[in-house]
Amino acid sequence: MAKAFKPQVLTGNALHGGESVWWTGARWSDDFADAMAASTPAEVEMFEALAVAPFTQGLVVGAYLAEVRQTPQGLMPATRREAIRAAMRPTFDYMAGAEEATRAA
Amino acid sequence: MYRYDEFDAKIVNQRVAQFRGQVERRLTGALTEDEFKPLRLMNGLYLQLHAYMLRVAIPYGTLSAAQMRQLAMIAERYDRGYGHFTTRQNIQYNWPKLGDIPDVLQHLADVEMHAIQTSGNCIRNTTSDPYAGVARDEIEDPRPTCELIRQWSTLHPEFTFLGRKFKIAVTGAETDRAAIRVHDIGIQIVRNAEGEIGYRMFVGGGQGRTPMIAPVIRDFLPREDLLPWLEAALRVYNLHGRRDNKYKARIKILVHEMGADNYAREVEEEFARMDRDVLTPDAEELARIDAYFAPPEYADLPAESARLAAAKKADPAFARWVDQNTVGHKTQGYAIAVISLKPIGGAPGDATAEQMRAMAIAAERFSLDELRITHEQNVVLPYVKLDDLPSLYALLKSQGLHAANLGLVTDIIACPGLDYCALATARSIPVAQAIAERFADEDRQRRIGPLALKISGCINACGHHHVGHIGILGLDKAGVESYQITLGGAPGEDASVGERTGPGFSYEDVPDVIEKLVDRYLEIRQPGETFLQTYRRAGMPAFKEAIYAAA
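Chains A and B, in that order, are what the protein sequence lines are. Quick note on numbering: UniProt numbering labels position 88 of the first sequence as 88, and the sequence is numbered without any gaps. Quick note on numbering: UniProt numbering labels position 144 of the second sequence as 144, and the sequence is numbered without any gaps.
Keep in mind that a hint or two might mislead.
Unchecked claim - Heads up, simulated DSBU-like pairs for lysine-lysine below, C-alpha to C-alpha not over 35 Å straight-line:
(1) Lys6/A to Lys397/B
(2) Lys6/A to Lys97/B
(3) Lys477/B to Lys246/B
(4) Lys37/B to Lys6/A
(5) Lys397/B to Lys248/B
(6) Lys477/B to Lys544/B
(7) Lys477/B to Lys6/A
(8) Lys516/B to Lys477/B
(9) Lys397/B to Lys97/B
(10) Lys397/B to Lys312/B
(11) Lys165/B to Lys477/B
(12) Lys330/B to Lys312/B
It should be emphasised that the hints constitute simulated quantities derived from the structure, not laboratory data.
Only chain B is shown next, with the shape it has when bound in the complex (with noise of 0.2 Å):
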């Protein structure tokens, strides 16, 4: 993992400090509000419906096991005992005290950690690939790359007031774990002919209320001009991108508007004017970023793991959580686990201190001090040895951490919702809970297969449902809330934006619909066929008329 050096740590701890006293003096009454509030958003501190909420980064989704029990410490002492993963794979605090924000600063920083850019109209953490570093399919490790976006967006001047946000992901991977193509850039590496390694450039996708997908501005991009590459891509942004309205202000706005070749030539002429040189990091920062993400020194294992395979015939629950949540591993001997936050009855993406201890115990023991969040709101430990996954098991089960639920039904990306959010016009969590519930059953989970289904509480879609199997999106119709339903979105290497069936459904039905949509795809898949598959050949008619015909 990435550690400080002292211009980093420097950075972190003169901004609490700077933060410290303008707290201070907002609490004095020496700064407004209105002065108050754009300095507090630039330290991630919004104010939502009933507490203000601190949303801190986690630096491409990668945490240690001593930053975890941060976080666990954070939550029990300055908010009410836990915390929420985000679709972003940051983590948010929901009932945090103003007075006490420069404190929890100082504890985030303590273990280099920071809430910077976690808010406003800049460059905002850049997410990746939960397996990075540990995937089958990968081509390159994409956390160095990261790290370089990391450290040259971070208070990068020229983009801190840019028209609106903008988020970066990286894959390094051909299956796209990261979803790219719904990012302002998603960058792909990629091998050319001449086999050298570079980027794949999407520019322009993106959710919200105008929901795109990226396409490939630049096909092959040499690596050392990557920050070259992206201050031009961002610089012809941030001089055409509208600021008249924020709904058209993204850079997808942009893009659609001038067309991808008229924006790519734009970039183009501009990356061929500018001084690269200053940009270009030297061989020596390069390799000291990329010693951090060395792989570690796994030990010579056996493929099959006798431990492993008597625990699994003695304990059929173990069984189908090793079958549902792990991961093939790059090394033999190993796997990637992954830990479901969607337990039957629980909140998507919460929790508990106890959790987080426990999940930080788990990485000590089990997964060389490293987890990673992932953008569908659970949590990954990417180095397990066969032969250990009966005792994490044990360990995740004391802590009900065990729903063998990944990428099932039950799997559900939720948004905060209007439980918590000043945004939102719909609630979202409940609504996953009832739908959780609906589905509990875990051999009709696994007889159902795949399925990503994913709920936002109003149209900024941070429940990512435009890209969900089945995707939800709460609205208020007149004061009361309603439900549009949208099928075939795809976050992947196959995104696509998912089409609504048609008028909206009230908060008590939605169970009721998905059951039929979903009883609808197993009445109607050919053998084999995941929903989305059987979604793009069956088409729209066959699902709509499973909901919407006359009872």
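This is chain A alone, in the form it adopts within the complex (with noise of 0.2 Å):
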């Protein structure tokens, strides 16, 4: 029996900067609301060649598909990792445990 299909996004890291981008249809995006779904079969191959293409080589790092959930709220990612990399951060208040440990004192 075929698997059920999942939607999946493209992302990887931007070259320069080390940040996680997604690809929108047209262009590489930093933010997860932008990224565009493939929702068929051949937009997953087109993504998978677009993956590997020189053009994505010059601009993005280690470029692979995510799989993605399509709520009422739009796409979300598929796994905790990918829901990490969307929010930009860690899931704990980096910034203000650091902050804190000096006002501690």
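These two chains come separately, so use the hints to put the complex back together.
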């Protein structure tokens, strides 16, 4: 039996800054909300080709496809790892933590 | 402290210039990522979840005040104002940009530091006892040995493409504070029956997915044979170690599969065959290295400090800090002071640029300009006069560096975990924070006593969970974080690998589970027993029952 199709986004890290980026259909964005989901096998194939295309290689490091879920609020990353990437930061308040330690005096 | 000679300086500066060219070629598209990746990894530059990560080597954990200031400057100018001290006595920056890395490396080279061999399948930074040179139980200061290994292993052509990474640790004391038995090679400085000082060589220890305690491969190695013997030990590994499966490529697998006796025999055969003279450093070079680690000129001080006693009496919090975070020094009137980087609510091992500068000032004023990073992610000031402890404490307190929890349940080792790391399967730091908050009460921590809690966010075990008295391993079970608990691990001279309690627990349940384990220990401990001792006496069933019994 064929596996149910799961929508996917094309993502990677920006070559210069290293930040997470997503393919919008026209450009690379550092905002997950801009991501375009491949919703057909043909689109997935196109993403796979784009992941290794010279155009991508010059801008993005380690491009890969990541599963997403369609929700009433829009696209959501399907895994915690991808959710942490989409948030662009750790899940704990790392800056405040550092500052708090300083203030605790 | 060791100072670079002209060769060290030349190698490091040339390497910066070389990498600058490589980065430029990558940014202009002349190099593909496939071509560039091995080059950046050779310079300690990883790509993690959110950004690049630069791992900087801190040779055997030793830093001068000027070096610490430079680390602070880099954190501020090129990162987000903080750095992360690691379980291998290094520092990592979590947010640098690729184009800035050559400048960062140049700033490091300016203070005799680099990021060479902090990644890749080569010999990594040698780690050591953070109390080197000042511990009471030391046979010999391990730092000259570490420095010799650093020089030998840096850019070693034969060992640049090993089957897997290779980690060496050295201790000069009976008490093993460097976890040498869980390293690829662990070196213990020992004295033989004739009173000569030499090395006991442990080979084939490690953590990761197959934890192993290293067997002794050579009980006594004369001092002058160290480098030839290491070369023979690595050569046998390089020839016979597996390269077909990265999970079986570490030397521990080879030693285990060959058998320690067969491995030892091959090493000794190679050692006998090789040209040892070319590898034996001459006496002049050894003396040059030794001179950098000569004991400082200590002041002639009384054993007791009236000033310290009065300050302890006046401030109970200070008294607690002194009792918990200072260690007996080999020289009368001095203490080893340990700065905990584990404040309740903080991320284990993180320090802000401001805190790094405060630690540099502390080193300048109170510790003969020197600091050590511990594999437990804390910072040591090795030469503090007892009289200076009150002033040191005031300085540390002004920067939130005064947590009095050394060796207690909140002094948790944790890897960066899924919050940063591309390899991680679960979060570590927030788990550490939740446990630390649960046990925040200082009196309760003290009642519990010595307890090493270590958390890894994946099977690679950077958080040393296998050798935690309580170890926590975060895994991904069908998209959900799940945490396995191990009990009874220990990293030192009585090293052991922890035993799994059973099925894992959810992210939310971990603090409760740890509390139940600790409560059970408090119930059943005999007078004077530590958690580890109680576990070793009472065994797994008593603890297992506490966490799996029906509610």
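Hints, one by one, checked against the model:
Between Lys6/A and Lys397/B, the direct Cα distance comes to roughly 53 Å. Violation of the 35 Å bound is thereby established for this hinted pair. Between Lys6/A and Lys97/B, the direct Cα distance comes to roughly 33 Å. Compliance with the 35 Å bound is thereby established for this hinted pair. The straight-line distance between the Cα atoms of Lys477/B and Lys246/B is roughly 23 Å, inside the 35 Å bound, and the hint therefore holds. Note on Lys37/B and Lys6/A: the hinted pairing holds, with a Cα-Cα distance of about 31 Å set against a maximum of 35 Å.
Distance restraint check for Lys397/B and Lys248/B: the Cα-Cα separation of roughly 47 Å exceeds the 35 Å cut-off, and the hinted pair is therefore not satisfied. For the hint linking Lys477/B to Lys544/B, the alpha-carbon distance of about 21 Å falls within 35 Å, and the restraint holds. As the CA atoms of Lys477/B and Lys6/A are separated by approximately 20 Å, the hinted pair is consistent with the 35 Å bound. A C-alpha spacing of about 23 Å is found between Lys516/B and Lys477/B, which places the hinted pair at or below 35 Å, so the restraint holds.
Distance restraint check for Lys397/B and Lys97/B: the Cα-Cα separation of roughly 33 Å lies within the 35 Å cut-off, and the hinted pair is therefore satisfied. Note on Lys397/B and Lys312/B: the hinted pairing holds, with a Cα-Cα distance of about 15 Å set against a maximum of 35 Å. Note on Lys165/B and Lys477/B: the hinted pairing holds, with a Cα-Cα distance of about 28 Å set against a maximum of 35 Å. Restraint check for Lys330/B and Lys312/B: the C-alpha separation of about 22 Å stays at or below 35 Å, so the hint holds.
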